[in-house]
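For chain A, the structure is supplied; the task is to place chains B, C, D and E with the ligands on it using the hints.
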Amino acid sequence: MSSQTSVFEQANKKHASSLLRKNIRKFVNNRLAMIGLICVVVIVFTAVFAPLLTSYDPNKISLGEKNTSPCMEHLLGTDNLGRDVFARVLYGGRVSVFVSVMGALMGSLVGMVLGSMAGYFGGKLDMLLVRLSEIFQTFPEMILIMILVAILGQGVGNLVLVFCITGWMTTFRMVRNEFLALRGETYVQVCEAFGMPKAAIMFKQILPNVLSPVIVSATVNVAGFILSEASLSFLGVGVPSSVPTWGNILNAAKSVEVVSNYWWLWAVPGGVISIFVLAINFFGDGLRDVLDPKQQ
Amino acid sequence: MAEKELIFQIKNLQMWFPVRKGFLRKTTGHVKAVDDVSLDVYKGETLGIVGESGCGKSTLGKTIMMLNTPTGGQVLFNYEGQFKDITKFTSQELFQFRKKVQMVFQDPYSALNPLKKIYTAFEEPLKVHGVNSKEEREKIMEDVLKMVNIQPDYLLRYPHEFSGGQRQRLCIARALEVRPEVLICDEPVSALDVSIQAQVLNLMKKIQKDLGLTYLFIAHDLSVVQYMSNRIVVMYLGKIVEIADSRALYDEPLHPYTRALLSAIPVPQIHQEKKRIVLPGEVPSPIRKPAGCALHPRCPHCMEKCKQVDPVLTRYKDGEHMVACHLYGAES
Amino acid sequence: MNNNMDYVLDVKNLSTSFISDRKEIRIVKNVSLRLRRGTTLAVVGESGCGKSVTVHSIVKLMPKNAKVSADHVIYRSAKDGKEYRLDQMEPFGTEMRKLRGAEIGMVFQDPMSSLNPVYKVGDQVAEGLIQHTGMSKAEAQKQVLDMFRKLGIPDPESRISDFPHQFSGGMKQRVVIAIAMICNPDIIIADEPTTALDVTIQAQIMELMKSLQVNDHKSIILITHNMGLVAEMADEVCVMYMGRVMEFGSLEDIFENPSHPYTQALLRSVPVLGLAEGQELGTIPGITPNPADLGPGCEFADRCPFCQDRCRQKDIPRFEVSPGHYVRCLKFDSFQEVD
Amino acid sequence: MLSFIGKKLLQMIPMLLLISFIVFGGLQLMDIDPISYMVTPDMAASAENQEALREQLGLNDPFVVRYFNWVKDLLTGNFGYSIINGTSIANIVRTRLPATFELAIIALILSSVIGIGIGILSAIRQNGIIDYVGRVFAVLGQSIPQFFFGICMVQIFAIKLGWLPVNGRTSPGASGLGDAIVHLVLPVLTMTVAMCAVLMRYSRNTMLDVLNSDYIKTARSKGIPEWKVYIKHGFRNAMRPVLVILCFRLPMLIGGSVVIESVFGWPGIGSIITQSVVSGDYPVIMVTTLMVAAAILVASFLVDVLTAALDPRVRLGE
Amino acid sequence: GGGNNANSGAGSSTPASTPASTPDAPSGPVEQTLKVATTLGSGGSSDATGDKTKYPWHNPDGVTTAAMYRTLLLADANLTDVSPSLATEYTVSDDGLTYTFTMKEGVKWSDGEPLTAADVAFSIKTNLKVASGNAIFTNAFTNIVGADAWRDGSASDLEGVKVDGNVVTINLSSSYGAFIPVIAQFCILPEHAVKDIDPLELHNSEYWANPVTSGAFKLGELSVGNYYTLVPNEYYEGTPWKITQIINYYVPDLLVAAQAGNTYMLNTNSPEIISELGKLDFMTMYPVDILFYRYFICNMKGVDGNQNPVMQDKRVREAILYAIDRETIAEQLYPGLAHVLHSGVPNDYAEYNGKAYEYNPEKAKQLLQEANYDFNHTFRILYYYSDQNSIDFMDTIAYYLREVGMKVETVQSQQGTVDLFQTRNYDVGYKGLSAFNIAEWYGEYSSGNSNFRNIFGGDTLFDEKAEAIAAESDPAKRSQILKDLQTLEQENLYKLPLYTIGNNIFVNTKCVKLPDGVTFGNPWYLYDMDLANWEIIA
Ligand SMILES: Nc1ncnc2c1ncn2[C@@H]1O[C@H](COP(=O)(O)OP(=O)(O)OP(=O)(O)O)[C@@H](O)[C@H]1O
Ligand SMILES: Nc1ncnc2c1ncn2[C@@H]1O[C@H](COP(=O)(O)OP(=O)(O)OP(=O)(O)O)[C@@H](O)[C@H]1O
Ligand SMILES: [Mg+2]
Ligand SMILES: [Mg+2]
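Residue numbers (our numbering), protein chains in the order written: chain A, 40 to 335; chain B, 510 to 841; chain C, 375 to 713; chain D, 6 to 323; chain E, 1461 to 1998.
Don't read these hints as lab results, they were simulated from the structure. Where is the CB? At the ideal position from N, CA and C, for every residue including glycine. Treat the hints with care, as some may be off.
[Said to hold, decoys possible] Computed beta-carbon distance windows for the label pairs:
| no. | chain 1 | residue 1 | chain 2 | residue 2 | range |
| --- | --- | --- | --- | --- | --- |
| 1 | C | E581 | B | K816 | 20 to 30 Å |
| 2 | A | S101 | E | Y1809 | 28 to 38 Å |
| 3 | C | E531 | D | V118 | 34 to 44 Å |
[What the hints assert, rightly or not] Here's a subset of chain A near chain B, in silico, CB distances under 7 Å, partners left out:
| no. | residue |
| --- | --- |
| 4 | A220 |
| 5 | E224 |
| 6 | V229 |
| 7 | G234 |
| 8 | N248 |
Looking at chain A on its own, in the form it has when it is part of the complex (with noise of 0.2 Å):
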């Protein structure tokens, strides 16, 4: 009996990843999303790398060199206070995916919890949870967005926590209907008949199972806040505009003069944004395609 332990060791080998490979292969396939996830990659990477790719500061100012087209030394130029646009736009990705993705990773995750637990357990609890989503619902979001920044104050912890508070109900709503559908399915039923404890079959067994949606909204959501960072920035109650973020760079550019006379102050910036949501967008559709199997 002790060779069977490596018969399960190697059959694992030939067959664990099949579904994982056979996703893949499907995304790959998919053009745009792959272009897409490769914009995401390169994007998040030299953000990530920031400080490999050029030893510029983002924050360092030159006076003497402002508004310089792009040139060697300046690959992207500088801006009106001579920092370098390409350093600022590589460590201003910094702070908006970081914000857009936690925001949106929380807002999943608060989505999720709430979701599984009003999808499960169903009758009083649920219908609590329905209805204060369809509160936050019923409030513009920019408008809700805005207020809580007037509660708690900006700052990119502040934004993080007011994209999550903001953004969670479409991940509940999700996470509640597949919950409440799931919950008949077979195989919670077979747990339940072996007496599994009811937070595990929860997150154990149900939860792995809606990841997918989730995902795939958690992207649509990372999306919407990059261009919600930068609408906030252009109320002026985003990220202090102190700290450059896409937004924030973004709107430093929005003046007549820089539109019509230094391109690159707003193309890159816009350019960067709109590159993201567009590969993010792609991406996710690229990802709804592999995981949900009614979309094909």
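Below, chains B, C, D and E with the ligands alone, put in the same frame as chain A:
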């Protein structure tokens, strides 16, 4: 039929689901899914349960397993000669009880969590039930897999890599892991193709013989039930209308519903002249059960009494055969 | 030989494949079948063997990723005595649409989802009628009422303006049959019309269809995997396996002289009511293969007890073992080969 | 149907109360002294005068008292005054809400017609030209920050080409439809672009789902023409989920107007909310957000009614 | 006194955001419509939301204010000389404590009511009771005899203001040097229309949506959030203006409005807007030199005794001045507009004592070290301007301070002066002051200043001299006091003066023909622009 040891004694079991309506979710009625069911199950037998969709077969099965908390009645289980009412069990006792009774469900396609390897799906119940060493677990897993003719190394695959028949065999194997005494099979083959169905049915018979299991075999296909069972329970709208030895039920169906059911089944034989009894109308919703005998609006033999008095299950000619119908009321 | 006019529908070498993931998978392969006027042809076979695809290919209700080809698909109308080449028609062109509904009615598997939830059932039934006859709505409603009565829908006057969700499964299936029947078509194609229903309801529906066929002299293609239904309903049977017609013959041919190993095994594996105690069911070993990874030769080879090497070499031709009884198996290579 | 409407209307009352409580309570968390906002310290004439003002406004009462006073005032039609500039809130709502609604409703209608139209067309002609172009347009529309798009539009169409006014809702002296329309073009366009994209994608997907359903097959089997299949059987069924998403989008539409109104100097409620938030004018925030929430509740109620009209299952209960 | 340009409360926006406007001269076949614009947005005052017209007791600026309201006297562009307006003449007693104004006869309000001396008395009295108004008025009027008693309600009348026929007499308890220039900024309000409004809420009153005016124009139409128009006031007794209509648009962006021809006049100190406006050949630039301070205030100690330990050491404060290369910043960020300051006295004043804090990062580091400055401390700089220029400026400051090893965080406050004066959660605050005169700058040090005592702990060090400079009008004495104040200031460095910023006024000369000899002055004050003779030519 004598000398049979009882394993389950079900007394007046009742499972009513409240129907809630409106904003305040007031209870406006009940789905009487299982209504006053009394039944004995003997050790080692296969008890078939048939009936139309929605008549409460699955609910009965689940309630016996305490997956639903019954709204009334008792379910007594034989603990080495001692009968204990499982409806009064604490959660710890129930947890232990789950080792004695297991269930196989209708849909093998959704009975395995699509994201978990079969290995994990097999390991989890063992872990929960305290088999802590990995070797021991793998030994058990290998044993049960042998029983259902599946190679152990298949365990490391995902459910989607298996066909329906294989999945159902896996489900049976998994239920057997905890060495249950009773297996409740809720339509285990109705989702399978004919060509596969026979494999699974034969396998189940073999396992029963090998392990001395007791089956509660639920199905809506009378031919399948009859093939599998020693005794058959016929249900209609949450009530038992007839209980009989499977041969007897085929040879001498008493209840008009059973008769209609038997005659409605298409037989894959030609040149067989058959008089079909077609019951008119539909199965009423269990929320609005007709008064009296639930079948009376559709029954060809409906009498005045049937519309008012609900017949009780009584022995027919003092035998094992029981029926709930006023047609036989005088004889009992 | 029979007069050709006897056959309302004549399908020769129909093949269908689907393109998915840039791969082409053959689902239906060289299917030939003929439907005799006024009879029922049963198509049996297990799930996924291509029964639905076959009939949908015939009436050209296929998704865009399907490729259909056929030597010919001929429909012979009793109404005008003309022959129509369905295979040469545009799927959604006027010609094809004129036939659909008016001459060929369809009943689908799942009554629950076959009705549009947002329209009254009466209107849904009348829609085809209005389309094909151009009659007024009121006239159409009258005919619908008649049809409902004929199909035994209780209280038709009020139910005609109900919505599908207010109907039970069996009643919905009657409505679906009414949709198929309302224009008095020659052929009714019923794709597993009772699979979703209970036995007692199934019996009701089947009685109904039988009486329609007998009384109105309809030709029916009945798709099912229930051998019992076949025995009760069919005049001729077409046994399919993995996109092939394995055996085709009259009811007697199939039940009394099943020739293909698959047919034999299939018949043995069905539990029959009143089986003697201790009697074992026959089983078909192995599992149904995936259509995407079938090799050459007989599709049943892997599960066949009589399999030989030559079975796996090339496509198996059809042999006519007795008049009108065709088998696709090399066991019968002594018989005449028909294409 | 009537009882359905009645029930829905009744459900709105507790919702509104809850929302009002959340709004009121939430804003108490804002650690602000309204007086500091009413009277900017730079322009503060004297501390005593300010203290008098505070007492006069009842700002020293406990929370619950203030909440009930507020609700009571609201119910009696007294919406209070902006603490920043003293404008009566009733006035703000009266003059601003129509402007926002004008914008939102036109954008809603336009984006629905365009978005759903193209979405459905591209589902019907899946992988055709419209589908392709529509999808590209959809993703593009979704990926450009709205304010930036708006600013660019102003620069191109108002400044460079001079075709349209740069901002505002009306011009002095000019009145009539023409004037209103030229002012609407750019804000509506900007708003529509983003909104359209979502609807397009969504209606395409639902229409595709619907087209794959069995009843479409049934409809086709009757031999009715394809356009009838699409319009009668496809469209109406696809509309229901689209309406739901539309309902979810309503808040976004009004929320989106916050940005749009800032860019285009549109005198709507959105710009007032922005300013109130920035300046901590909490009575205005409370009432305006409550108004917006109420408006959205009403709108979603309308959507519910519309859904019920479209779908008998909803109307008649399951 | 001085209008504080940084209309704080709402984090007042860019200097460019202040309304700019000028009426212009009429005649010719062209319709005489002058277009000006006000920015919407930042700032909660009603004219920033477009709900009402301007409350003239804040900054009394702009063409529209000049067209609607009149003052007793009209100042020239430098605010030094005055000419008659509502008052035909005025006298000052030798001790500088008694002022008499003789009112012009026959002046009427736009509703036909006569404008009398009583209105003047009413306006002064009301101003003392308002909750919100420009400090220049309060500072001046507080010196009127009985002002305190009147304000706290213990007197039923303001003792120091007397009306006798068409003569108004004002008695001061102590002399106030700038009293006449202040009077020249003080718009008289109609008693009959305003008397029922609670002075505490006057600045917020709905009244401003349709005020009664005394100037050449009155309100035509107010389209909330869009614009308002002014039309000639038929009761105006002076020379009618050539302009026959003024439109004030509410716009999100002044530059765009100028480009689109929606404003014929604006002022700005933003180099970006200046350069962009420079490209429009129809806009002519008129630079004006004004006392617009930009400076840091050091958060020292509140009256509550709450001390900020970081700023206590003077060397730290000094180091900040040395650490920042102000010359370069002025050159690059405000080319031609900013002049570095080393005290409240601009460098080109004769009184400037010559002490300079030149850019010297080494010295800064050294000073910090000497002061045992904790380099791990995050140094918080608070600012409330939300325009991009100020953000850039703050980034630059932060950059320079980081260069000397400090950890810096710049915080843009939404709640402007509340954070500045009350929350006080910062080390230095960045502030602007468009000073009416130099005394206003030094008045901020005074322990009596209700705002700054929260920051400087009510230190009485400056009181005497600050009062003296406000009261004194003799140039020689003033010069001496200024020198003393300057030294005191540099010894203490509670405020770190950065620079003064000039302003540019742009006029669309393709549409407006300015009369000869018009000079522009501080755009936040009222002065004689000869508006009656502006003419629209296109
Ligand atoms: N949890 C529940 N809540 C409410 N009603 C229920 C619940 N479970 C079952 N029911 C109702 O009880 C009745 C009996 O259901 P059950 O599933 O036992 O029928 P069944 O005989 O197993 O039918 P099928 O053959 O379709 O499986 C049905 O009407 C069903 O709707
Ligand atoms: N649109 C499609 N695209 C790709 N493959 C398809 C499509 N439709 C059907 N198939 C494949 O064709 C095969 C035959 O399908 P079909 O529906 O004809 O089976 P069937 O015999 O009717 O089975 P059932 O009894 O389950 O209805 C299946 O393997 C199915 O996966
Ligand atoms: Mg069941
Ligand atoms: Mg099928």
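How the hints compare with the structure:
Distance hint for C:E581 and B:K816: a CB-CB separation of about 27 Å, consistent with the stated range 20 to 30 Å. Under the hint 28 to 38 Å, the C-beta atoms of A:S101 and E:Y1809, about 33 Å apart, fit the expected range. Evaluation of the 34 to 44 Å hint for C:E531 and D:V118 yields a pass: the beta carbon distance comes to about 40 Å. At a threshold of 7 Å, the smallest CB-CB gap from A:A220 to chain B is about 11 Å, leaving the interface hint violated.
For A:E224, the shortest C-beta to C-beta distance to chain B is roughly 5 Å, which falls under 7 Å, so the interface hint holds. Hint status for A:V229 relative to chain B: holds, with the closest Cβ pair at about 6 Å, below 7 Å. A cut of 7 Å between beta carbons decides the hint on A:G234: the least distance to chain B is about 4 Å, and the hint holds. Because the beta carbon of A:N248 sits about 6 Å from the nearest beta carbon in chain B, less than 7 Å, this interface hint is met.
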